[in-house]
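Taken in order, these protein sequences are the chains called U and C. Take the first sequence: its position 65, counting from 1, is numbered 65 in this note's numbering, and each next residue is one higher. Take the second sequence: its position 140, counting from 1, is numbered 140 in this note's numbering, and each next residue is one higher.
Don't read these hints as lab results, they were simulated from the structure. Note that the structure is a prediction, hence the values are computed from the model and not measured. Don't take each hint at face value.
[Unchecked claim] Here's a subset of chain C near chain U, in silico, CB distances under 8 angstroms, partners left out:
1) H107
2) E118
3) R243
Note that CB positions come from ideal geometry on N, CA and C, so glycine has one too.
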Amino acid sequence: MFAYISRRLAVSLLILLTVSFAVYIIFAFLPFDPAALTCGKNCNDPGIIEANRHRLGYDLPFFTQYFLFLKGLFFGRSFGEGAALINCPAPSLGYSFQQHACVTNLIGEALPVTFSLAIGAIVMWLALGIGLGILAARFRGRIVDQLSTIFVLIGTSLPTFLTGLLLMVFVVIRWHLIPFPSGNYTPFLENPFEWAQILFLPWLTLAFAYAALYTRFVRSSVIDTSNEDYIRTARAKGLSEGVILGKHTLRSALAPIATMAGLDFAGLLGGAILTESVFNLPGLGRLAISSVVKYDLPIIVATTLLAAFIVVVMNLIVDILYAYIDPRVRVA
Amino acid sequence: MTLLKVENLSVDFPTPDGLVAAVHEASFEINAGETLAIVGESGSGKTVTNLALMGLIPARTANISGSAKFESHNGSIDLLSMDRNELRKYRGKDIAMIFQDPMSSLHPFYTIGDQIIEAHQVHNKVDLKVSKARAIELLELVGIQGAATRIKAFPHQFSGGMRQRVMIAMALVNNPSLLIADEPTTALDVTVQAQIIKLLGDLQKEFKMAMILITHDMGVVAGAADRVNVMYAGRIVESANVRDLYSNPLMPYTQGLLASVPRMDRPHTNRLSAIPGQPPSMIALPTGCSFNPRCIRKSEVSGSRCETLMPDLTPRGNGHLARCFIGEGA
Numbered sequence: 001m002f003a004y005i006s007r008r009l010a011v012s013l014l015i016l017l018t019v020s021f022a023v024y025i026i027f028a029f030l031p032f033d034p035a036a037l038t039c040g041k042n043c044n045d046p047g048i049i050e051a052n053r054h055r056l057g058y059d060l061p062f063f064t065q066y067f068l069f070l071k072g073l074f075f076g077r078s079f080g081e082g083a084a085l086i087n088c089p090a091p092s093l094g095y096s097f098q099q100h101a102c103v104t105n106l107i108g109e110a111l112p113v114t115f116s117l118a119i120g121a122i123v124m125w126l127a128l129g130i131g132l133g134i135l136a137a138r139f140r141g142r143i144v145d146q147l148s149t150i151f152v153l154i155g156t157s158l159p160t161f162l163t164g165l166l167l168m169v170f171v172v173i174r175w176h177l178i179p180f181p182s183g184n185y186t187p188f189l190e191n192p193f194e195w196a197q198i199l200f201l202p203w204l205t206l207a208f209a210y211a212a213l214y215t216r217f218v219r220s221s222v223i224d225t226s227n228e229d230y231i232r233t234a235r236a237k238g239l240s241e242g243v244i245l246g247k248h249t250l251r252s253a254l255a256p257i258a259t260m261a262g263l264d265f266a267g268l269l270g271g272a273i274l275t276e277s278v279f280n281l282p283g284l285g286r287l288a289i290s291s292v293v294k295y296d297l298p299i300i301v302a303t304t305l306l307a308a309f310i311v312v313v314m315n316l317i318v319d320i321l322y323a324y325i326d327p328r329v330r331v332a
Numbered sequence: 001m002t003l004l005k006v007e008n009l010s011v012d013f014p015t016p017d018g019l020v021a022a023v024h025e026a027s028f029e030i031n032a033g034e035t036l037a038i039v040g041e042s043g044s045g046k047t048v049t050n051l052a053l054m055g056l057i058p059a060r061t062a063n064i065s066g067s068a069k070f071e072s073h074n075g076s077i078d079l080l081s082m083d084r085n086e087l088r089k090y091r092g093k094d095i096a097m098i099f100q101d102p103m104s105s106l107h108p109f110y111t112i113g114d115q116i117i118e119a120h121q122v123h124n125k126v127d128l129k130v131s132k133a134r135a136i137e138l139l140e141l142v143g144i145q146g147a148a149t150r151i152k153a154f155p156h157q158f159s160g161g162m163r164q165r166v167m168i169a170m171a172l173v174n175n176p177s178l179l180i181a182d183e184p185t186t187a188l189d190v191t192v193q194a195q196i197i198k199l200l201g202d203l204q205k206e207f208k209m210a211m212i213l214i215t216h217d218m219g220v221v222a223g224a225a226d227r228v229n230v231m232y233a234g235r236i237v238e239s240a241n242v243r244d245l246y247s248n249p250l251m252p253y254t255q256g257l258l259a260s261v262p263r264m265d266r267p268h269t270n271r272l273s274a275i276p277g278q279p280p281s282m283i284a285l286p287t288g289c290s291f292n293p294r295c296i297r298k299s300e301v302s303g304s305r306c307e308t309l310m311p312d313l314t315p316r317g318n319g320h321l322a323r324c325f326i327g328e329g330a
């Protein structure tokens, strides 16, 4: 088990290094001059541009830049000198001239929002998707199953921006069930109630779409597992239907859900762009989109790298979890 | 003592293409400690018969009728009319079952110890330690070396033959009076097959249990069974004690089955004989005797009775029953 984890860890590090390099290549060879972008739209003073280029290190050779970027991740980095010295402590992801802030700080503000959004949504959709999927499988062909099919159909076909808007229009504006979101995000530690109130509809929006997928997946997974020989063995032992379902069927049927949930969660952490936009949440998705629109290259690099990092880490967690669930994986 | 008396067991599966009569009015008995072999081709109803007795056919998928009187630890019960939840108390305790494919019959995520202990715990209100000791005892009995440590191993760490031994240990953990073995050696290597059959025979004597052995291997039947039921297209077509059946098979199908067994004690000059044709579709059974399209002795019966009438399963002396017009009433 230990060897397995360390091997996976080493591979993950290698992947991250590769990804960071690839991202940096894209960054370096885009047909934009990052230095020119630092001084605003109508800037054509070559003196300022060249000064900025030097301050940000864009005049250095490509590999030196990449090395400085990597070094910044671990040791922090400063730009410019003298009175204009800007210091971004480790882990430094660069400096955004347009926002006049270290990228790490910008991400530090956005990440908790996205994390809050993702964690609440995943709890909701797992509860709903797994619960409904099991019910549908257990009462296959009956009314619960048919209702769940309708839910799956609606959930998978409605895009999140539409679900989000519908929820806004009806729950907030028409029915006044929840006050209008102010656009200000309240951290959990500051006021958990307000935090949940602001995030409730975004959670629901995301959960609705994912729960539909999970319902369908869990239903077929439970049905498939119920037909396994070892479930017949369990029944032949004289176990009750409850034990057969809870201990024997679900353990196998839900194992692939761990993989699915881990990767979906990672995907969301990279930024739930549509949902964040609809509900005006200052998360990673919105940060990434606004920086793409404004060609804020350091932020684009950082958010891409972060998304990759999250996917790799979640993959690692899922693999380790899977080895715990399925003993056959451990020796492989 | 009659342990199990099955009367007129029928199992019909409604399908979109029509009713499939998987088992039709099967009646047989098995005495305590006896081995009954049920032989026949795939789809002849061998497995369905036993799944029905175990209550393992989902209620909504089939119409099951008939009766199956069984002497349990708790007095006489009818396996077929009993409430399913009630039947659970006898399943795995009085009647245990082992299956064809040991590779897929054990849960891959639990240790074999957990799975055997679980089988013991369901039917016994005892401390876990007692169940664990019992599991180790049984594993040793079925010939697993180092049972005390192997108990922590997962199914994938065993070979097919070893897994079948584990299945047997699990089945025997509650001292059942009847063991149903559904093609227990089909998925195994030939050498391992012989070991498993011998093990089952030894354990049967030790545990004094009756066994229903489902197989299509006539060689296994000859060595292990006391009595044999031959099934064809959902019906019992011949039933006899093993000596009578091998020395004097009455139904042409049984004759064909026996003739198709390779024999080392006979010169192998000719090709192995085979029964012509294929088993009939269970949805569109031939009229008359189900076997008539493949029967090579039809001409011995006068008129077209074979094509129009289903012969009855009639006694032919010495407890030998056959479903054939040939030799009937002789």
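Comparing the hints with the structure gives:
Evaluation of the H107(C) hint against chain U yields a held restraint, the C-beta minimum of about 4 angstroms falling below 8 angstroms. The closest approach between the C-beta of E118(C) and any C-beta of chain U is roughly 7 angstroms, which is under the 8 angstroms cut-off, so the hint is satisfied. A distance limit of 8 angstroms between C-beta atoms decides the matter here; for R243(C) the minimum to chain U is near 32 angstroms, and the interface restraint is violated.
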